[in-house]
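Asker: Sequence:
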Amino acid sequence: MTAEARDAALWRWQHGGASPAVLSLEPMDFDAIPGWRDDNHADALACYLRSAALAPHLPRPVCDPAARLFFEAHFRPCRVNAEQGLLTSYFEPVLEGSRMRSAAFPVPVYRRPSDLSLLPTEHPLAAHGLSAARAMAAGFEPYFTRGEIEAGALEDRGRALLYLADAVDAFIMHVQGSGVVKLEDGTRVRLTFDGKNGHPYTSISQWLIAHGKLSVGDAHLEGMKAWLRAEPGREAVLAENRSYIFFRELDASAAAPRGSSGVDLYPGRSLATDPAFHPAGTLLWVSAPDLTFQRKRFQRLTVAQDTGSAIKGPQRGDIFAGTGDAAGESAGAVRHSCDFIVLQPRC
1 MTAEARDAAL WRWQHGGASP AVLSLEPMDF DAIPGWRDDN HADALACYLR
51 SAALAPHLPR PVCDPAARLF FEAHFRPCRV NAEQGLLTSY FEPVLEGSRM
101 RSAAFPVPVY RRPSDLSLLP TEHPLAAHGL SAARAMAAGF EPYFTRGEIE
151 AGALEDRGRA LLYLADAVDA FIMHVQGSGV VKLEDGTRVR LTFDGKNGHP
201 YTSISQWLIA HGKLSVGDAH LEGMKAWLRA EPGREAVLAE NRSYIFFREL
251 DASAAAPRGS SGVDLYPGRS LATDPAFHPA GTLLWVSAPD LTFQRKRFQR
301 LTVAQDTGSA IKGPQRGDIF AGTGDAAGES AGAVRHSCDF IVLQPRC
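Residue numbers for the sequence shown follow the UniProt record's numbering, beginning at 1 and rising by one.
Simulated from the structure, these hints should not be mistaken for laboratory data. There may be inaccurate statements among the hints.
Said to hold, decoys possible - Subject to a maximum C-alpha distance of 20 Å in a straight line, what follows is the list of computed DMTMM-like cross-link-like pairs (lysine to aspartate or glutamate):
{"hint": "1", "residue 1": "Lys-296", "residue 2": "Asp-339"}
{"hint": "2", "residue 1": "Lys-225", "residue 2": "Glu-235"}
{"hint": "3", "residue 1": "Lys-296", "residue 2": "Asp-43"}
{"hint": "4", "residue 1": "Lys-213", "residue 2": "Glu-240"}
{"hint": "5", "residue 1": "Lys-182", "residue 2": "Asp-166"}
Unchecked claim - Listed next, with one range per pair, are the computed distances between beta-carbon atoms:
{"hint": "6", "residue 1": "His-74", "residue 2": "Lys-182", "range": "38 to 46 Å"}
{"hint": "7", "residue 1": "Gln-294", "residue 2": "Thr-202", "range": "25 to 33 Å"}
{"hint": "8", "residue 1": "Arg-99", "residue 2": "Lys-312", "range": "35 to 43 Å"}
{"hint": "9", "residue 1": "Gly-324", "residue 2": "Asn-40", "range": "16 to 24 Å"}
{"hint": "10", "residue 1": "Ala-103", "residue 2": "Ala-21", "range": "44 to 52 Å"}
{"hint": "11", "residue 1": "Asn-81", "residue 2": "Gly-233", "range": "42 to 50 Å"}
{"hint": "12", "residue 1": "Met-100", "residue 2": "Pro-27", "range": "52 to 60 Å"}
{"hint": "13", "residue 1": "Ala-137", "residue 2": "Thr-202", "range": "24 to 32 Å"}
{"hint": "14", "residue 1": "Gly-324", "residue 2": "Glu-155", "range": "25 to 33 Å"}
{"hint": "15", "residue 1": "Pro-120", "residue 2": "Asp-38", "range": "44 to 52 Å"}
{"hint": "16", "residue 1": "Gln-294", "residue 2": "Ala-103", "range": "33 to 41 Å"}
{"hint": "17", "residue 1": "Cys-63", "residue 2": "Ala-226", "range": "42 to 50 Å"}
Note that the structure is a prediction, hence the values are computed from the model and not measured. Cβ coordinates follow ideal geometry from the N, Cα and C atoms, glycine included.
With these hints in hand, go ahead and build the complete structure from the sequences.
Answerer: As structure tokens, then:
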């Protein structure tokens, strides 16, 4: 399979056959965008070029004023008319692991099983919220749930890529959709999303809030990690999210995690969006004035380069913060109201 075909397939795995939604847009001027002239446009252009076919034709390096003029010349801003949105953030965790199962590393990370297939949108199971299923001789049936997989449903299939220390580490990587695993010999393995079991996603943070286990203020990533590590019955809680993520190993030369659109993610610029409203490569000005991110007020140009099970709606975004613990701390502090402005190509 070519890289382009694989990326297209992964895009379908991530968001299924969602049809484009109607987006209400209001044209505006660049001068009316709060903070437009204060952004680092060269940084935004570098991120955009990862998605754009015109990348080889632009000179490098591009200075910031020239980058701003590029966007102003080739795009027109349009405000998204919708209820105020929500901005969150995600990161690439760095975890300890092993190629061999042991008492120290007992929890497998699985590659996508060969009997797992995307469901046709017209299949009856799709009406029950399933996006993929187990392909059997007699047809499709629901694939194993998270609880069934964690109980050993795939153990005898030889699909384990490597092993992590516990279910909490696996949970973190599943939520983020990628991860760097440090092996015992010091080498690092970069894993990225390669499909899911097709069951609907359930937010564990919302489950913990609804069942009185955590307050809204404590239901961030660090709070959930602390609660789960202290909870003897954490596997049962994690199984409330029936969705399960499968991974593949990126080439050793990969310098960054890869988004569902097939491009390397850019910290602070790559945005996970709802592809029904914002296709891959869409330029989005995101304004969250109450958020200080990377020491600056969050008013910046981003690029739709990823998706996520919980990212639904015309003004719902998830900004990639980077790799490692510091990025995780930054990401965990982001849950803010936001507004989107779409930059549409000038025809």
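Asker: Does 38 to 46 Å hold as the CB distance between His-74 and Lys-182, or does it fail?
Answerer: 42 Å, holds
Asker: Do Gly-324 and Glu-155 keep their Cβ atoms within the hinted range of 25 to 33 Å?
Answerer: 31 Å, holds
Asker: Is the Cα-Cα distance between Lys-296 and Asp-43 20 Å or less?
Answerer: Holds. Lys-296 to Asp-43 sits at ~14 Å (cutoff 20 Å).
Asker: Would you check the hint for Lys-213 and Glu-240, treating anything up to 20 Å between C-alpha atoms as holding?
Answerer: 14 Å, holds
Asker: 42 to 50 Å was suggested as the range; check whether the CB atoms of Asn-81 and Gly-233 agree with it.
Answerer: 45 Å, holds
Asker: Given a hint of 44 to 52 Å, does the C-beta separation of Ala-103 and Ala-21 actually sit inside it?
Answerer: Check passed, 49 Å falls within 44 to 52 Å.
Asker: Do the Cβ positions of Arg-99 and Lys-312 conform to the proposed distance bound of 35 to 43 Å?
Answerer: Holds, since Arg-99 and Lys-312 (Cβ atoms, about 37 Å apart) stay within the stated range.
Asker: Between the beta carbons of Gly-324 and Asn-40, is the distance compatible with 16 to 24 Å?
Answerer: Taking Cβ atoms as reference, Gly-324 and Asn-40 lie about 22 Å apart, which means the hint holds.
Asker: Measuring from beta carbon to beta carbon, are Gln-294 and Ala-103 in 33 to 41 Å?
Answerer: Given range 33 to 41 Å: holds, Cβ gap about 40 Å.
Asker: Verify the proposed pairing of Lys-225 with Glu-235, using a straight-line Cα cut of 20 Å.
Answerer: 13 Å, holds
Asker: Take a quick look at whether Lys-182 and Asp-166 sit within 20 Å of each other, Cα to Cα.
Answerer: Answer holds: Lys-182 to Asp-166 is near 15 Å, not above 20 Å.
Asker: With the threshold set at 20 Å, check whether the alpha-carbon distance from Lys-296 to Asp-339 stays at or below it.
Answerer: This hinted pair holds, its Cα atoms lying about 17 Å apart.
Violated hints: none; the structure is consistent with every hint.
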